[in-house]
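A.B. asks: Quick note on numbering: the sequence shown equals residues 1 to 85 in UniProt numbering.
Hints are not guaranteed to be accurate.
[Stated by the list, open to error] Calculated pairs, DMTMM-like style, for lysine to aspartate or glutamate (alpha carbon to alpha carbon, straight line, at most 20 angstroms): (1) 36 / 78; (2) 73 / 30; (3) 73 / 23; (4) 35 / 63; (5) 35 / 25; (6) 36 / 49; (7) 35 / 49; (8) 36 / 23; (9) 73 / 33; (10) 73 / 31; (11) 35 / 61; (12) 36 / 69; (13) 35 / 52; (14) 36 / 52; (15) 36 / 63; (16) 73 / 63; (17) 35 / 78; (18) 73 / 52; (19) 36 / 19; (20) 73 / 19; (21) 73 / 25; (22) 35 / 23; (23) 73 / 50.
[What the hints assert, rightly or not] Label-pair ranges, simulated between beta-carbon atoms: (24) 29 / 85: 24 to 34 angstroms; (25) 54 / 33: 30 to 40 angstroms; (26) 26 / 70: 16 to 26 angstroms.
Since the hints were made in silico from the structure, they are not lab data.
Cβ atoms here follow ideal geometry from the backbone N, Cα and C, with glycine treated the same way.
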Amino acid sequence: MALLGKMESYRSACIRQVETMHDFEAANTDELDLKKGDVVLVIPTATAEDQDAGWLTGMKESDWLQQGDSASKGLFPENFTQRLA
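Work out the full structure, taking the sequences as your base and the hints as a guide.
C.D. replies: Written out as C-alpha cells, the structure is:
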C-alpha cells in the first residue's frame, strides 16, 4: 500500500497524535518505551480506569508505518506528551 493510503487508513482508527516531551521507560509489559520526540498514534483505551488515571493507549507512528496493525501497542502517561494539530 502506498504511504499516502496507509496514512489515510490509520486516521480512521487513531483518536489523535501526540509527541512525547520526555523519555518514558516502560515499567510493565503493557506499557510503551518512548523517547523524547516520538510521535504516538493514540487509540481507544481498553479500560476507563487507565484513561481516568491519566494513561493513554497508543503505538509509535514509526512502528506503525513499518509494521502496520501488528505494531506494538501500549499505555503511556498523557502528561509526558503534547497534542499535535
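A.B. asks: None of the hints should be skipped; say for each whether it holds.
C.D. replies: Comparing the hints with the structure gives:
With a C-alpha separation of about 13 angstroms, the suggested pairing of residue 36 with residue 78 holds against the 20 angstroms cut-off. Between residue 73 and residue 30 the CA atoms are separated by roughly 8 angstroms; this keeps the pair inside 20 angstroms, and the hint holds. The hinted pair formed by residue 73 and residue 23 meets the criterion: a straight-line CA distance of about 17 angstroms does not exceed 20 angstroms. A threshold of 20 angstroms between alpha carbons decides the hint, and for residue 35 with residue 63 the separation of about 13 angstroms falls inside it, so the pair holds.
The suggested pairing of residue 35 with residue 25 holds, with an alpha-carbon distance near 8 angstroms, which does not exceed 20 angstroms. Between residue 36 and residue 49 the CA atoms are separated by roughly 26 angstroms; this puts the pair beyond 20 angstroms, and the hint is violated. This hinted pair does not check out: residue 35 and residue 49 have alpha carbons roughly 25 angstroms apart, beyond 20 angstroms. Using a Cα cut-off of 20 angstroms, the hinted pair residue 36 and residue 23 holds, with the two alpha carbons roughly 5 angstroms apart.
For the given pair, residue 73 sits about 10 angstroms from residue 33 by alpha-carbon distance, which is consistent with the 20 angstroms threshold. The straight-line distance between the Cα atoms of residue 73 and residue 31 is roughly 8 angstroms, inside the 20 angstroms bound, and the hint therefore holds. Distance restraint check for residue 35 and residue 61: the Cα-Cα separation of roughly 12 angstroms lies within the 20 angstroms cut-off, and the hinted pair is therefore satisfied. Using a Cα cut-off of 20 angstroms, the hinted pair residue 36 and residue 69 is violated, with the two alpha carbons roughly 23 angstroms apart.
Distance hint between residue 35 and residue 52 is unfulfilled; the C-alpha atoms sit about 24 angstroms from each other, more than 20 angstroms. For the proposed pair residue 36 and residue 52, the alpha carbon gap of about 24 angstroms is over 20 angstroms, so the pair is violated. Straight-line distance between C-alpha atoms of residue 36 and residue 63 comes to about 15 angstroms, which keeps the hinted pair within the 20 angstroms bound. At roughly 10 angstroms between alpha-carbon atoms, residue 73 and residue 63 fall within 20 angstroms of each other, so this suggested pair holds.
About 14 angstroms separates the Cα atoms of residue 35 and residue 78, which keeps this hinted pair within 20 angstroms; it holds. Our distance criterion of 20 angstroms between C-alpha atoms is met by residue 73 and residue 52, whose separation comes to about 19 angstroms. For the hint linking residue 36 to residue 19, the alpha-carbon distance of about 8 angstroms falls within 20 angstroms, and the restraint holds. At most 20 angstroms may separate the alpha-carbon atoms for a hinted pair to count; residue 73 and residue 19 meet this at roughly 16 angstroms.
Between residue 73 and residue 25 the CA atoms are separated by roughly 14 angstroms; this keeps the pair inside 20 angstroms, and the hint holds. Distance check on the hinted pair: residue 35 and residue 23 sit about 4 angstroms apart at the alpha-carbon level, within 20 angstroms; holds. Pair hint residue 73 plus residue 50 holds up; C-alpha atoms about 14 angstroms apart against a cutoff of 20 angstroms. Evaluation of the 24 to 34 angstroms hint for residue 29 and residue 85 yields a pass: the beta carbon distance comes to about 32 angstroms.
Range check, residue 54 to residue 33: about 18 angstroms between beta-carbon atoms, so the 30 to 40 angstroms window is missed. The hinted window of 16 to 26 angstroms between residue 26 and residue 70 holds, with their beta carbons roughly 18 angstroms apart.
In summary, the numbered hints that this structure violates are 6, 7, 12, 13, 14, 25.
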